Amino acid sequence: MNSIFSWIALAVLILSCGGLLLARQRQWRVAWLFLLYIPFTLLLSQSWPLSMALLRLITGWIVTTSIAIALQSGRGLQERDHPFGPDTSFFYIQGLALLVVIGIGATRAFSILITPPAPSLIGSIVLLGSGIFLFGFNTATFPYLSGILVFVNGFELLYASVESSSFLLFLLTALNLLAGLAISHHLASPVAKGDEP
Amino acid sequence: MTAAYLWIFLPILLGIFFFTASRRTMYRWGTLSALGLAILAWLVPLDTPFHFAGLNLKVSSSFDFLGRSLSFDKQAVYILILLYGITAMWFYGVHLLQKTEVLIPWGFLFNGLLLTLLTVRPFLYAAIVLEALGFLLLFLLRPPSPGILRFLAHQTLAFPFLLLAASFGSEPRIMSDAARAPFVIALLGVGLALSAGLFPFHSWMPLLGAELHPYFASFLLWLLPLSTLLFTGNILERFSLYTSLISLFQISGLLMILIGSGEMLVERHWGRALGYAAMIETGYGLLSLSLGQNGHSILLASLFPRSLNFVLWGFSLSILYHRGHGLEQRTLEGLGRRLPFAATSLILAIFSTAGFPLLASFPWRVILWNESSTYSLLWGLLFLISLAGIFGHALRTFNVLFAMESGANDWKQEENLEEKILLSLGVLFLVISGLFPQILMRLL
Chain A
1 MNSIFSWIAL AVLILSCGGL LLARQRQWRV AWLFLLYIPF TLLLSQSWPL
51 SMALLRLITG WIVTTSIAIA LQSGRGLQER DHPFGPDTSF FYIQGLALLV
101 VIGIGATRAF SILITPPAPS LIGSIVLLGS GIFLFGFNTA TFPYLSGILV
151 FVNGFELLYA SVESSSFLLF LLTALNLLAG LAISHHLASP VAKGDEP
Chain B
1 MTAAYLWIFL PILLGIFFFT ASRRTMYRWG TLSALGLAIL AWLVPLDTPF
51 HFAGLNLKVS SSFDFLGRSL SFDKQAVYIL ILLYGITAMW FYGVHLLQKT
101 EVLIPWGFLF NGLLLTLLTV RPFLYAAIVL EALGFLLLFL LRPPSPGILR
151 FLAHQTLAFP FLLLAASFGS EPRIMSDAAR APFVIALLGV GLALSAGLFP
201 FHSWMPLLGA ELHPYFASFL LWLLPLSTLL FTGNILERFS LYTSLISLFQ
251 ISGLLMILIG SGEMLVERHW GRALGYAAMI ETGYGLLSLS LGQNGHSILL
301 ASLFPRSLNF VLWGFSLSIL YHRGHGLEQR TLEGLGRRLP FAATSLILAI
351 FSTAGFPLLA SFPWRVILWN ESSTYSLLWG LLFLISLAGI FGHALRTFNV
401 LFAMESGAND WKQEENLEEK ILLSLGVLFL VISGLFPQIL MRLL
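Residue numbers (our numbering), protein chains in the order written: chain A, 1 to 197; chain B, 1 to 444.
Hints are computed from structural coordinates only; laboratory data are not their basis.
Quick caveat, the model's predicted, so the values are computed rather than measured.
We put the beta carbon where it would ideally sit given N, CA and C, even for glycine.
A couple of the hints might just be wrong.
From chain A, some residues computed to sit far from chain B (all C-beta separations above 10 Å) [stated by the list, open to error]:
no.	residue
1	12
2	25
3	32
4	53
5	54
6	93
7	94
8	100
9	102
10	108
11	115
12	179
Pulled from the structure, derived: some chain B residues nowhere near chain A, Cβ distances all over 12 Å [as the list claims (entries may be wrong)]:
no.	residue
13	44
14	143
15	164
FRET-style restraints, in silico, Cβ to Cβ [to be verified]:
no.	chain 1	residue 1	chain 2	residue 2	range
16	B	388	A	57	53 to 63 Å
17	A	62	B	358	54 to 64 Å
18	A	73	B	16	21 to 31 Å
19	A	139	B	384	33 to 43 Å
20	A	38	B	376	30 to 40 Å
21	B	17	A	49	49 to 59 Å
22	A	101	B	238	45 to 55 Å
23	A	108	B	36	55 to 65 Å
24	A	105	B	246	25 to 35 Å
Work the whole structure out from these sequences, hints included.
See the structure below:
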């Protein structure tokens, strides 16, 4: 039963990543990011105690909410971001499919060093790859930084099977909150002339 | 009382406090606090009881938290004296330059994080601290500069590699396994290459130099490569993988100094040239690290002249920037005749980076050149060519700043007295540390 849930969580995670990659409007990107943290937490709970995983869910939602509020106050929620690289949906769908295939292939290769549950490993590779797609093909601040956030989350999922200490949870939570604050800081305030050092 | 309270948490709190302080309070108390922290580090013995104002005190070198610790060893104490001492110089320069006061709170925060990075045990968590440093940089600029975004992206890509390598590398079960060890070495190599900005991941340095105010740029180009380089040195010291990565550091270090000095020679934007200087210094640092344990000591000893070069370079360039309204070469032509102190200091800082005799970096460049020549004559020659590139940039700077139409005689001294004193002191330090490098060696 547990296994079925984790595969369902993986499917939702892939869907969320697809949404993040394909959406152009910022409000949809925020919505997909919000949804992404649910399967992320479910997959994380396979390696970590549920209480620790839930703390990451709350952190993720705080980060997403702060980004949404920042976009709302900066009136950037309705804006659209266009990647400078390939702009076709088909490219991203192909990319996502490739990531899933790499993830499935990696379940054997990674077993030399670590043995995370297969859905977690595939999920982490999908997140890592989606993050790279987002910050690799975007110069606009929001998709670029949200790509970095997604990449960090992907690694957390992978590393959860290596270590499950409360110190690591503390560090990662602090890092995510800092990332959320930094992204919100950029999106909230318009650039004032002479503001930059 | 623990060392972490004094030199990590207190500076971070000071940094937060200074965000709300006035410009005058900032530079006065900021400079005094940084200097005080450096003097405290010099005077206070760790883990040894001492008497102060009738009280028995003891500063513990280790701070434990959730089963992990922040531990200050002898090397960390040396770095923190240097870090806060040099930071005090940066902070003092703030009151003479406009729109740079925000450097003080951020300087304290970055210093606190850098020391966390060097003292956290187990050492693998340092990669997360480095990533946090990248995110903190985002608060500096709106919109974020491509240089900062690229630095953040490189640290983001590096930290999974470093964390996994450190995690597996500390397990003797994995490292004794011949099949798995190369995998760990590859993880570490890629992680360090991305994190330390090894060639070809160095592009954020010239970008940062071109985009920011030169005082900020020089501060960041001093601090960020320093953090990543010390992190690299520390991570290598803790692994038995040293020999496997020597070639990577040698080749990459040599490429960085050659490409950096070549680019610097043809660069017409002096902010970008500053970025190439950071790239070159990283290259020399990597070459030092490739010499093993001895090289690590050379790297630590060369931190002071390297820092001095950057402070003087940044300060004098900022004075020229304000009066010349830009960093493009054409906007600075002939400015040396109006600002002779700033121009001379800038030229001497560049000469010092090139290892010019009697200046601060000279003894360390000679040692490194000697070691490179011992390894291979070709390497020694390439090392000299890299120095020639920086030397060429210094000569061109001289030519541009003091360019004069024939018959013209319009010499002035537009710097104020305080600027002149600071610049002269900087040059004096540059000469003294070049003439008496043994003082630094004794400190080590």
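These are the hints, each one checked on the structure:
Interface exclusion of residue 12 of chain A from chain B stands, the closest Cβ pair being 23 Å apart, more than 10 Å. Even its closest Cβ contact with chain B, about 20 Å, leaves residue 25 of chain A beyond 10 Å, as expected for a residue assigned away from the interface. Non-interface call for residue 32 of chain A relative to chain B: holds, since the shortest CB-CB distance, roughly 20 Å, exceeds 10 Å. Distance check for residue 53 of chain A against chain B: the nearest CB is about 18 Å away, which clears 10 Å, and the non-interface claim stands.
The claim that residue 54 of chain A lies off the interface holds: its Cβ sits roughly 19 Å from the closest Cβ of chain B, which is beyond the 10 Å cut-off. Residue placement check: residue 93 of chain A keeps its beta carbon more than 10 Å from all beta carbons of chain B (closest about 24 Å). Every C-beta of chain B lies more than 10 Å from that of residue 94 of chain A, the closest at about 22 Å, which supports listing it as non-interface. The Cβ of residue 100 of chain A sits about 19 Å from the closest Cβ of chain B, beyond the 10 Å cut-off, so the non-interface label holds.
With a closest Cβ-Cβ approach of about 15 Å to chain B, residue 102 of chain A is found to remain outside the 10 Å limit, as its non-interface label requires. Against chain B, the non-interface label of residue 108 of chain A holds: every CB pair exceeds 10 Å, the least being about 14 Å. Distance check on residue 115 of chain A: its Cβ is at least 13 Å (rounded) from any Cβ of chain B, clearing the 10 Å threshold; non-interface status holds. At roughly 5 Å from the closest C-beta of chain B, the C-beta of residue 179 of chain A falls inside 10 Å, breaking its exclusion from the interface.
Residue placement check: residue 44 of chain B keeps its beta carbon more than 12 Å from all beta carbons of chain A (closest about 28 Å). Listed as a non-interface residue, residue 143 of chain B fails to keep its Cβ farther than 12 Å from every Cβ of chain A; the least gap is roughly 6 Å. At roughly 7 Å, the least C-beta separation between residue 164 of chain B and chain A is not larger than 12 Å, which violates its mark as non-interface. The beta-carbon spacing between residue 388 of chain B and residue 57 of chain A, approximately 58 Å, falls within the hinted interval of 53 to 63 Å.
Look at residue 62 of chain A against residue 358 of chain B: about 57 Å separates their beta carbons, and that is inside 54 to 64 Å. Judged by the Cβ atoms, the range 21 to 31 Å given for residue 73 of chain A and residue 16 of chain B holds: they are separated by roughly 23 Å. Separation of residue 139 of chain A from residue 384 of chain B is about 40 Å and conforms to the stated range, judged on CB atoms against 33 to 43 Å. Roughly 58 Å separates the CB atoms of residue 38 of chain A and residue 376 of chain B, a value that falls outside the hinted 30 to 40 Å.
The hinted window of 49 to 59 Å between residue 17 of chain B and residue 49 of chain A is violated, with their beta carbons roughly 38 Å apart. For residue 101 of chain A and residue 238 of chain B, the hinted distance range of 45 to 55 Å is not satisfied, since their beta carbons lie about 37 Å from each other. Distance hint check for residue 108 of chain A and residue 36 of chain B: the Cβ-Cβ separation is about 57 Å, which falls inside the suggested range of 55 to 65 Å. Between residue 105 of chain A and residue 246 of chain B the beta carbon distance is about 33 Å. The supplied range of 25 to 35 Å therefore holds.
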